[in-house]
Amino acid sequence: MIVVNTEFVPGRQIVEVKGLVQGSTVRAKHVGRDIAASFKNIFGGELRGYTELLVDARQEALRRMLEQAQELGANGVLNVRFATSSITAGAAELYVYGTAVVLREEPA
Amino acid sequence: MNILIVFVVVLGVTWAIGRSVERAHFRRLEADERELAERIAVSDLKRLPANWHAAGATLVTGEVVIATDYFKVFAAVLRKLIGGRLRSYETLVARARREAVVRMMRQAERAGANVVWNARVETSTIQGRQQRQSGGIEVLAYGTAMRAE
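Top to bottom, those sequences are chains F and H. Going by the working numbering, the first residue of the first sequence is number 1, and it counts up by one from there. Going by the working numbering, the first residue of the second sequence is number 1, and it counts up by one from there.
Please keep in mind that the hints were generated in silico from the structure rather than gathered at the bench. Even glycine gets a Cβ: it sits at the ideal position worked out from N, Cα and C. Do not rely on the hints blindly, as some may be mistaken.
[To be verified] Distance condition first, Cα-Cα at most 20 Å in a straight line; then the derived SDA-like pairs of lysine to any residue:
{"id": "1", "chain 1": "H", "residue 1": "Lys46", "chain 2": "F", "residue 2": "Glu67"}
{"id": "2", "chain 1": "H", "residue 1": "Lys46", "chain 2": "F", "residue 2": "Pro107"}
{"id": "3", "chain 1": "H", "residue 1": "Lys46", "chain 2": "F", "residue 2": "Pro10"}
{"id": "4", "chain 1": "F", "residue 1": "Lys18", "chain 2": "F", "residue 2": "Leu103"}
{"id": "5", "chain 1": "F", "residue 1": "Lys18", "chain 2": "F", "residue 2": "Glu67"}
{"id": "6", "chain 1": "H", "residue 1": "Lys80", "chain 2": "F", "residue 2": "Leu72"}
{"id": "7", "chain 1": "H", "residue 1": "Lys46", "chain 2": "F", "residue 2": "Phe8"}
{"id": "8", "chain 1": "H", "residue 1": "Lys46", "chain 2": "F", "residue 2": "Ile14"}
{"id": "9", "chain 1": "F", "residue 1": "Lys18", "chain 2": "F", "residue 2": "Glu7"}
{"id": "10", "chain 1": "H", "residue 1": "Lys80", "chain 2": "H", "residue 2": "Trp15"}
{"id": "11", "chain 1": "H", "residue 1": "Lys46", "chain 2": "H", "residue 2": "Ala94"}
{"id": "12", "chain 1": "H", "residue 1": "Lys46", "chain 2": "F", "residue 2": "Val3"}
{"id": "13", "chain 1": "H", "residue 1": "Lys46", "chain 2": "H", "residue 2": "Arg147"}
{"id": "14", "chain 1": "H", "residue 1": "Lys46", "chain 2": "F", "residue 2": "Ile2"}
[As the list claims (entries may be wrong)] Chain H regions said to be covered by chain F (calculated; three or more residues, Cβ under 8 Å):
{"id": "15", "region": "41-55"}
{"id": "16", "region": "114-120"}
In isolation and in its complexed conformation, chain H is listed as follows (with noise of 0.2 Å):
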């Protein structure tokens, strides 16, 4: 009995804490986001558009590694049971992907440059201590960053 108390107890706090982490990230996000997006212009596609001109191409990355906490583990096991959106790593996967950008275009900015093309985002997880526990996630963003006109 007691050590189920503990165990929601543990659960109650983790979800308390994790959540407010998570809103602030998120918030922040944003703000970057907005901030950077009117400096930053970041793309995907391979080539340029033929009637731009541009100079001082060089390699950018943005790197992260963000943990799960522990409700997040918890809510991600009893959602396995019925199966489903995982909606609480799917918020993690996000934040990592977002804030690896963000500092991709962040290094971008420091280079001197306006764009950002060819990005690419790769991720990967890094196991945590019991196996087969994710025990967070990794986000490498790069792309060639340049002064475009």
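Pulled out of the complex, with its shape left as it was, chain F reads as follows (with noise of 0.2 Å):
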């Protein structure tokens, strides 16, 4: 599965488009991160734990968006976007989505 936020794939072409798919994750913190991110909050700096949990929801999105590609049978999606909100206090969401296409080598 080729995954890029580009409207092309250097080297292969686009053979059918598939639809739109798409994945998404709201995802909360513990509260021991939440303790030590308020410590945190009194000189500032980098939140380790929200930043793994951001990477933890912005793989899982991926997950969910390449299962639904998978079942439509394409091997690509392209003009992948993220967008990301904050629903309630500590928690995030992350939606991801993009085309699904089924791509070709391009003839040499």
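Build the complex from these two chains, which are given one at a time in their own frames, with help from the hints.
Spelled out as structure tokens, the structure:
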């Protein structure tokens, strides 16, 4: 599966467009991270716990999107976009979407 | 009176520590950016120049969450009374965005790429424990890494 956020894949042709695929996840951090974060809020600096959370959320959302693409019989997802939003305190929503396509090696 | 002294001391300490953390971060960012710029070109263009040949396209991301500190929040509250530039928050978002882009470039480098095309930067805030108060800023940078000649 080739996943890119451009509208083309170098060296490949788009044979078929399967349509929009998407994945989203809402994740909350646990209380321990919340407490650590409130200490960080005194002096500033990176909130590693939250960064990890964001990495997990991104992986999960991508995984769901790729599952959909696979079901459609696609072998690539183009023009991938991410959208983030904060729904409520301490929770992060990550939404990812793109166009599932069937790609073929470009004839030389 | 005592409360006021404690408040001023806390503010002074958070200002000093927050500033040193921020300065160290900016120094590290500058070094990283200089080092990575030699090997990886980042662009938000959608299409490659016509005479380029590229291969091995793959999605790369970089994410970071950075907390505000008490001094920044306090400075912003004061600033909001008269309006104008919130410098304390400007540097915060600048740090987070640059850090996310640096991480994205590192991932591209690990993927054996030399360009990141169609780069996008997504920003959102994390709500603090008090309502309406920002606890931090969350940045996700992403783009398509490839090997181009």
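Status of the hints after comparison with the structure:
no.: 1; hint: Lys46(H) with Glu67(F); in the structure: violated, 26 Å
no.: 2; hint: Lys46(H) with Pro107(F); in the structure: violated, 23 Å
no.: 3; hint: Lys46(H) with Pro10(F); in the structure: holds, 12 Å
no.: 4; hint: Lys18(F) with Leu103(F); in the structure: holds, 11 Å
no.: 5; hint: Lys18(F) with Glu67(F); in the structure: holds, 13 Å
no.: 6; hint: Lys80(H) with Leu72(F); in the structure: violated, 51 Å
no.: 7; hint: Lys46(H) with Phe8(F); in the structure: holds, 9 Å
no.: 8; hint: Lys46(H) with Ile14(F); in the structure: holds, 17 Å
no.: 9; hint: Lys18(F) with Glu7(F); in the structure: holds, 14 Å
no.: 10; hint: Lys80(H) with Trp15(H); in the structure: holds, 18 Å
no.: 11; hint: Lys46(H) with Ala94(H); in the structure: violated, 24 Å
no.: 12; hint: Lys46(H) with Val3(F); in the structure: holds, 15 Å
no.: 13; hint: Lys46(H) with Arg147(H); in the structure: holds, 16 Å
no.: 14; hint: Lys46(H) with Ile2(F); in the structure: holds, 17 Å
no.: 15; hint: 41-55; in the structure: holds (count 6)
no.: 16; hint: 114-120; in the structure: holds (count 3)
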